[in-house]
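A.B. asks: Chain by chain, the residues:
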Amino acid sequence: MAFLDLIQLFDTTIRLATPLLLACLAGLYSERAGIFDIGLEGKMLAAAFFSAAIAYSMGSVWMGLLAGIGISLALSAIHGLASITFRGNQLISGLAITMLAGGMTVLVAQSWFAQGGRTPSLTDDSRFTGIELPFAIGPSEAEAAGRPLSQLIAEAGPLQQIYSELISGHSILVYIAFALVPLTWWVLYATRFGLRLRAVGENPASVDTAGVSVVGLRYAAVMICGVLCGIAGAYLATALQAGFVKDMTAGRGYIALAALIFAKWRPWYALSATLLFGLFQALELRPDMIENVTGVAVQAQLLGALPYILTVVILAGFVGKAIPPRAGGQPYVKER
Amino acid sequence: MTSAPAIELKGISKAFGPVQANKDISISVQPGTIHGIIGENGAGKSTLMSILYGFYKADAGEIYIKGQKAHITDSQAAIAAGIGMVFQHFKLVENFTVLENIVLGAEDGALLRPSLRKARKELRHLADEYELNVDPDTLIENLSVGHQQRVEILKALYRKADILILDEPTGVLTPAEADQLFRILDRLREEGKTIILITHKLREIMDTTDTVSVMRRGQMTATVKTAETDPEQLAELMVGRKVLLQVEKAPAQPAQTILEVENLSVTDDKGVERLKNVSLNIRAGEILGIAGVAGNGQSELMEVLGGMISGQGTVRLNGDALDLTGKHSDGRSRRARGIAHVPEDRQSEGLIMDFHAWENVAFGYHHDAKYQKNALFMDNAALRADTQAKMDKFDVRPPLPWLAAKNFSGGNQQKIVVAREIERNPDLLLIGQPTRGVDIGAIEFIHKQIIELRDQGKAILLVSVELDEIMSLSDRIAVMFDGEIMGERLPQDTNAQELGLLMAGVTASEGAA
Amino acid sequence: MEKMPKWADVVLIPLISLILAAAISALVILGIGEDPIEAVKLMVQGALGSSNGWGYTLYYATNFMFTGLAVAVAFHASLFNIGGEGQAMLGGLGVALVCLFIPWPHWSIALIAASGAAALFGAAWALIPAYLQVRRGSHVVITTIMFNFIAFSLLNYVLVNQLRPPRAMDPASAKFPEATHLPSLHDILGTVGIEFSKHAPANISLLIAIAACVGVWALIWRTRFGFELRAFGKSESGARYAGISPFKITIVTMLISGGLAGMMAINNVMGESERLVLNAVEGAGFIGIAVSLMGRNHPFGVFLAAILFGFLYQGGAELALWTNIPRELIVVIQALVILFTGALDNMVRMPLERIFLALNTKKEG
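Chains as they are written, first to last, in the numbering used here: chain A, 186 to 521; chain B, -4 to 508; chain C, 19 to 383.
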């Protein structure tokens, strides 16, 4: 297998890992605060639709992004209401929100665009397109040289190939997602908010007796989760693809959940886990590559199931124990 | 003393539904003293302190801190008023470091690093001043319980508390750790802090406090200077001179030995030894009463005999050993061997509160042949008839088998449990807190049933925190303290004072000294 | 004292939740420019107005009875089995294997074997999450979600690589042999002289589903195991006192739950499509959660709620056919029902309790 093929595989990995990473970090904030969220999928889906729909009708991808975040926040608010204010079952709430999003997106899409539950294809103005970093070989160079971009890259040196193909040329959301990893780490471990967030997910009574509002912290976490899911959904519909199609998240919210467990609720591990799961997805698209390298044909279905199987193995505690935040899933009730 | 009291409570009342937890309570605590609040479990001590710390809102009454009227609406307000609280169950984040736990909620700014740096310095300072040494970078879960408690104290001191409330602080400590704690408290007092110590242990009160208030059934019965009182008087104030319930009973006619316990020990999942080499025996036709302050191993004794937890040692019933760890160490096997068990906590163990009364009558005995219709189904009709009969016999009110357990009063709930267990005609009855939360009429009835069972030649192990109950029912009394049996007495040869001292862990020689 | 009479808990709360869900759905229909009253009329006409409509309604209801019972049984033991979807997929695989590879002389024997295989496969798929919960402490909800996806991949693999007939394009098995075809309601009712639509997919599985409702009711409220299951679900400490083994209850309950979800396959795979297709379950595993919540985890409630959701599904299909309202409207209604009856239960309950409390004090005062 050629070096360039590998680079391209990793490039696809990054593109596919980005929504997983965003959703995984979203879940991280929520679950670190003690609120389980199996509704990541639904929030992403709703955000994907609304971002595509608004980007299409207003012709601005940034308005689309805002709309995506907005709807995701609205769903987060429902989740907060159910699991924090009314102390309901967080799992049932997350499930209901995912279903709600699955139904509503198609319903509204059909009503607005009448294209069988999808939005019209987005043109470049209403999409996030690749950003060409300085000194990278990109479309503008290809145009200037009058030759196809792939040819130019194939002729470049290995470092330039890595730079131009792998690092440059992604949409702004990809860079944001990757920047969010150190940022999340910093927020979690270097700020007052992060300390309190982690504490409220471990032992809310400790936060309460210290005179800090458990409810306020948990709502804040759930809302951050909403913002990140919104970005993840917008990325799917306006960057990775050009428009919304029915059920376009295709289980990514659950893979992100799996990645979160796999990452043991830590930001840097979340990056590795989502890159790994992104690689599986990239390989699913290129089954020939594994066969070329290993000589063994691996079933695409196995690759599809691998994130879930790995997560079950981790959950079973056979390979390092994944201990969730201790107060996760339990509504906080004051007691002596 | 002329200075304003550090804390003054005036007429505090608090009710939870029909239960009056605190009734018109007033105290005044001078600054720089250790004030003890003593009382039995459920006397309302913890509720009172929770009000002071802003966890509950009092229905009536006023709080003054250093002469100023304080409005303690939440914990934040309490902290601001200079109150620090060390709860019985620590409020620490187990997988945080000591330092992180200390700054949590008392950070100086949005960034953590300056706060941590400041706290580290302050911690060193506090360690020097009060001999409170804890490694700031250790995770809480790696600390001993005693050190975790120090962290709680440090948390309060870091927040500039000058009034420190400790709720049953020695309940989880070893005697050595407890001694250390009291040295720390002495030191804090020397530095001018005011300390409120909540406990039910007489010895702690006598050893450490300057003044002491006694609570009983939600009321403050007395406040005295510790130097001017003695354990006997406090014990009396605590337990109160209740109308002694006259239980008519003939002298026991003990026959063959039913239960033999040899060197029985129980270690909980945290590795703490809850029961230490306990040995005792009970003969047919006798009641052995276990006296003791709650939490001294009585519950574990009952649970291991009832098959709820495993233990080490030897237990023989009618001469045959019981399985204490293996496949036959569960409650079902115990029942099959003829052990009936009225658990201490009827609401979470003895009954399924959402079940109908008739289902609860089968609870634990649902495998009994008489409750089966055939191999597949239970005979619910027979069960309901059986329930009706038991309800009539035990005068359960209302006598409705269809009513859910939660809809009966405490006394009638207990009658259902007692009926279920006694009517099984067991060889040995384990009965814990038989009359906790039970009205007077039902108490008398239940006591009579216990005596009747004894007179039928059954062995009975009775655990109760009510000393009166132990004294009037038991044929022999064993006193437990800290997982051990301190001694055995015959009810006619002892009195409440002597038992009270034993319950406090004071043996006869110490008491005399 | 009870805060609320029992009927309010059993009837009023689900009813209010349903009304809330319906009201919001009506707003949604208005929002997309359609007439909700007209929509309801169409749904009733389409789902209940003809024997064909009833045939579809009951067909869907059969699926939901199985998955609803699966969720309900687990709920009684305080276990949340969210893996009905995957368990039903596996049940389909079991049915397909039995029907394709064993030559059956008569449908009745085939049905018995297929039911057994469906239950066995579904139960096996629930066993691992159950074991991991009791022995390794991993939450059954998360593992059953993961197992839904693994089931999908497994089924996809088996269909594409093993069961797909040569030269076929879609991931589906071959048609089952004639001898395994189940009698439809048309055939059954025909024997007693009742006309019933020939084309509707409702079949004899409906009777098995109803029998399953009765069976689950008997299991939960009439057997020793049901007694222990409910006791364990209400109070784990109580179960410990009574000597009830958490291991046994968790494992057996999840086996029963998974088996019931798997049994759905005799309806949709054996009874309707007569071959195994990839998306045979079509979300029925999740609808089971709504059905169970709506039916208050009681088999009779599940029976009623399953018919209600069968009606919604058939009515929704009709709506999609005749109006601009897509079938997904039903998914929205279902999500709202789950939200109100499951997660926002306290929102409905707390004001209601206050009303009843006020009424009671007034009566006494």
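Hints in this document: simulated from the structure, not taken from any laboratory. No residue lacks a Cβ here, since even glycine has one placed at the ideal position from N, Cα and C. Some hints here could point you the wrong way.
Stated by the list, open to error - According to the in silico footprint, chain A covers these stretches of chain B (three or more CB under 8 Å from chain A):
1. 65 to 71
2. 103 to 116
3. 362 to 369
As the list claims (entries may be wrong) - Chain A residues, not near chain C, derived (Cβ > 10 Å throughout):
4. F188
5. L189
6. L191
7. S245
8. A262
9. S278
10. Q295
11. F363
12. W371
13. L500
What the hints assert, rightly or not - Derived DEER-like restraints, expressed as beta-carbon distance ranges:
14. C/R154 with B/G321: 19 to 27 Å
15. C/D27 with A/I494: 35 to 43 Å
16. B/K64 with A/K519: 47 to 55 Å
17. B/A217 with C/F265: 33 to 41 Å
18. C/A229 with B/G321: 38 to 46 Å
19. A/I494 with B/T262: 52 to 60 Å
20. B/D19 with C/R154: 31 to 39 Å
21. B/A222 with A/K519: 32 to 40 Å
22. A/T270 with B/N258: 51 to 59 Å
23. B/N369 with C/K24: 27 to 35 Å
24. B/N276 with C/F318: 23 to 31 Å
25. C/V28 with B/N369: 26 to 34 Å
A.B. asks: Against this structure, judge whether each hint is valid.
C.D. replies: The hints, checked one at a time:
With 3 residues carrying a beta carbon less than 8 Å from a beta carbon of chain A, the segment 65 to 71 of chain B meets the three-residue requirement, and the given coverage holds. Look at the segment 103 to 116 of chain B against chain A: 6 of its residues bring a Cβ nearer than 8 Å to a Cβ of that chain, three or more, so the hint holds. Three residues within the 8 Å Cβ limit are the bar, and the segment 362 to 369 of chain B against chain A gives 0, so the coverage statement is violated. The Cβ of A/F188 lies farther than 10 Å from every Cβ of chain C, with a closest approach of about 31 Å, so its non-interface assignment holds.
With a minimum CB-CB distance of about 30 Å to chain C, A/L189 clears the 10 Å threshold, and the non-interface call stands. Interface exclusion of A/L191 from chain C stands, the closest Cβ pair being 26 Å apart, more than 10 Å. No beta-carbon of chain C is positioned within 10 Å of the beta-carbon of A/S245; the least distance is around 24 Å. Even its closest Cβ contact with chain C, about 12 Å, leaves A/A262 beyond 10 Å, as expected for a residue assigned away from the interface.
The beta carbon of A/S278 is not kept farther than 10 Å from every beta carbon of chain C, the shortest such distance being approximately 3 Å. Under the 10 Å C-beta cut-off, the non-interface status given to A/Q295 relative to chain C is violated; the minimum distance is some 5 Å. With 10 Å as the threshold on Cβ separation, the claim that A/F363 sits away from chain C holds: the shortest Cβ distance comes to roughly 26 Å. Listed as a non-interface residue, A/W371 keeps its Cβ farther than 10 Å from every Cβ of chain C; the least gap is roughly 28 Å.
Distance check for A/L500 against chain C: the nearest CB is about 4 Å away, which does not clear 10 Å, and the non-interface claim fails. At about 22 Å, the CB distance of C/R154 to B/G321 agrees with the hint of 19 to 27 Å. Separation of C/D27 from A/I494 is about 41 Å and conforms to the stated range, judged on CB atoms against 35 to 43 Å. For the hinted restraint 47 to 55 Å between B/K64 and A/K519, the CB-CB distance of approximately 25 Å leaves it violated.
B/A217 and C/F265 have their C-beta atoms about 53 Å apart, which leaves the hinted 33 to 41 Å range violated. The beta-carbon spacing between C/A229 and B/G321, approximately 41 Å, falls within the hinted interval of 38 to 46 Å. For A/I494 paired with B/T262, a C-beta distance near 38 Å fails the hint of 52 to 60 Å. Between B/D19 and C/R154 the C-beta distance comes to about 53 Å, which lies outside the given range of 31 to 39 Å.
Range check, B/A222 to A/K519: about 39 Å between beta-carbon atoms, so the 32 to 40 Å window is met. Checking the proposed 51 to 59 Å range against A/T270 and B/N258 shows it holds: the Cβ atoms sit about 54 Å from each other. At roughly 30 Å, the beta-carbon separation of B/N369 and C/K24 lies within the given 27 to 35 Å, and the hint holds. Look at B/N276 against C/F318: about 54 Å separates their beta carbons, and that is not inside 23 to 31 Å.
For the pair C/V28 and B/N369, the beta carbons lie near 30 Å from each other, so the given range of 26 to 34 Å is met.
The structure does not agree with the numbered hints 3, 9, 10, 13, 16, 17, 19, 20, 24 stated previously, though it agrees with the rest.
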